[in-house]
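Chemist: Generate the whole structure from the sequences, applying the supplied hints.
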Amino acid sequence: MLTTRQTETLSLILNDVIPPSADGHVPGAGNAGVASFLQQATPYDPDPARVVLTVIETVLEIADDFSSQSPQDRIDVIIRVQAQHPQIFERFLRLTYMGYYSQAELRPLFGVAAEPVHPSGYPVPSESSRMMADLTAPVRARGAVYRPADG
Amino acid sequence: MVTTMKHEPVDVLIIGAGASGAAIAWSLLETRMRILCLEQGTHLPDADFPSRRPDYELARYGEFSCDPNIRQLAQDYPINVDDSCIAPVNWNGVGGSTINFLGHWPRMKPSDFRTRSLDGVAEDWPVDYATLEPFYAMNDRNTGVSGLSGNPAYPDYAPELPPIPLGQLGQTLAKGFNQLGWHWWPSDVAILSKDQDGRQKCVNAGTCDLGCAAGAKGGTNFTYWPMLERAGVELRTGSRVREILIDPATGMATGVLYHGADGQLHRQQAEMVILACNGIGTPRLLLNSDTERNPDGLANSSGMVGRNLMFHPLTGVSGVFDQPMKGHEGPMACSILSQEFYESDPSRDFVRGYGLHSGRSTTPMTFALGGYGIDRPIPWGAAHREIMDDIYPNIASLTVVAEDLPDQENRVTLDPDLTDSDGIPAPKISYRLGENTRRMLKHGEARAAEALRAAGAHTILSKNDDAVWWRAGWHQMGTCRMGNDPENSVVNGWGRSHDVKNLFIVDGSIFVTAGAVNPTSTIQALALYIGDRIKTNIATLFD
Ligand SMILES: Cc1cc2nc3c(=O)[nH]c(=O)nc-3n(C[C@H](O)[C@H](O)[C@H](O)COP(=O)(O)OP(=O)(O)OC[C@H]3O[C@@H](n4cnc5c(N)ncnc54)[C@H](O)[C@@H]3O)c2cc1C
Ligand code: SF4
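Chains as they are written, first to last, in numbering that gives the first Met the number 0: chain A, 0 to 150; chain B, 0 to 542.
Please keep in mind that the hints were generated in silico from the structure rather than gathered at the bench. Everything numeric in this text was worked out from a predicted model, so none of it was measured. There are no misleading hints in this set.
Ranges of calculated distance between the beta carbons of each label pair, as one might list FRET restraints: (1) B/Lys174 with A/Glu60: 53 to 59 Å; (2) B/Lys174 with A/Ser35: 41 to 47 Å; (3) B/Pro294 with A/Glu60: 56 to 62 Å; (4) A/Glu56 with B/Leu417: 31 to 37 Å.
The C-beta atom is built at its ideal place from N, Cα and C for all residues, glycine as well.
Modeler: Structural data, given as structure tokens:
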């Protein structure tokens, strides 16, 4: 369980790691609720709790006033955390990306369907035989390009 | 060790229910021999495939990872990869790795079987393309293959079904190759472009590695196994073979010891044992079947069991275009394939060659985590937003798939400490990239960038900084190679062990060279060919 201060810090870190779009249309990772994914991410990391705590604690060690810092100062702090704990930070990034992009309602913002892809999938029209013939014509025109077994 | 259960002897015992085990069982059906297949994994109902879940992409990094060291399911065995730059990946269960394979289905080429004669490297195979051709065709019919006939990169043959759509991405890349005058062709795929035999055609969902819930992908769970089970082949799942048993007097295999689903150790006798455990599982089992008479492992008088491990080392290049490429729509691995640089060319600083494969189905999470087969998250912060908003939708990639040459030092051994959940020693991989492969990949990267530019990409992104893709040991070959010389090979020209006359191997471990194409159509064609030889030689099979 995280303390209130840790929870607030985590949310800020997440929003800096995946920031919202300038128009606010695409939420940042903090606002998208990635923190709750991190709590239950054991299938995807051997010890997600330690990863999250290390990142939060290191941030607060470096900047006790992290939550009141300017956005650029916060980024600088996170860069220092990354330099101090490169492996932990990479695990944190992986988990953050997983928690964010696994949210069905966010996928359409990246052009991908929200619903599970099976059974409906995507309608992709087949190329007409005319189009296929035109496209492959230059390749056919060159003739055989494989080497026979006897050289 | 206490053996608790004995079973009725069978005529044919196949170990492994994947691509090759299923194909050989089908071939032997007409002999009316009693066939039993032991498989360490289970049947996975297609209703359980993760692509029916809203958070389907997560499964790729958890219980449906292609990496057994990540999945750690009961049927998996760990693989020590500390000494390798590529991690072997698989699926253990009915269907084997065709559960999570991507269905790309190119054949090997005539020159692939003759690399010693043509290029002075590796060894020639004891079989050739012409011999295998009818078995490729037979296997294609059983599997359901889509593609376009008339590919000038091959001797003539015709896929049964029309090609799957190239889509925006494939069409764009094809135009780039045309601009350069380079070969490309719509990929042959073991994926249905039309409904067939009660299986649904592909719906372009792009989750082929998570099992195909449509049944469109030609995994043996959808193709061979339903036919085999209807025909009475016994498939005993949850059955992990520990050791092949040998009669010390005759040197012949008598059967196996296996751990059953009930947790007990079982003994199964058989007239003939066929190994189909994949390029890692098969040498592992032979090395684990050592005896006083065979201290270096079974069927290993040549010392070649486990050696000459070949993968297809990969690297990738992406291009950013002005318009969306819709890379998430369509089967993952397959749109088009260029074999312009496949054959040897004396003007290059390497022998043999590579293919340029178009990659699709870059879903947002996988892309953000570095791409399929790569573990390197993209940057965070403002750069992240920019990449996901402006680059991700407009990206198209080419994968360089290199031919790996056999090297005896690249090998599978047994780990002295690591075991699976039944206490059976686990495999350890020692694998390094050869200099020839490095040069090939470098050449391929440059050519891929050229093709992407010709196709209209305004920016080129290289994915790898000189490293090959890590979690991309999809194809495992060469570790029990075939050959005419018993001192230099494990099995003969039709898969029979030189040392143990009633022991056969049919999986990718018998490959002599790797070619630069995905191997499964060749693995299964070979298994059908070996089945045919067994039937032809039945009267003198063990002489
Ligand atoms: C993610 C991924 C993508 C791929 N994409 C492609 C592709 O696009 N095209 C292509 O051609 N190939 C592809 N491949 C490779 C393809 O899946 C393999 O080449 C093919 O399945 C190998 O067939 P096999 O019979 O040798 O082994 P498998 O199909 O792996 O089957 C081996 C079986 O043996 C069982 N087994 C092993 N040891 C034991 C034991 N001791 N006791 C009992 N059972 C045992 C295993 O559980 C397994 O089910 C891909 C593979 C992966 C993992
Ligand atoms: S893209 Fe096609 S082959 Fe791949 S999983 Fe979906 S339906 Fe199956």
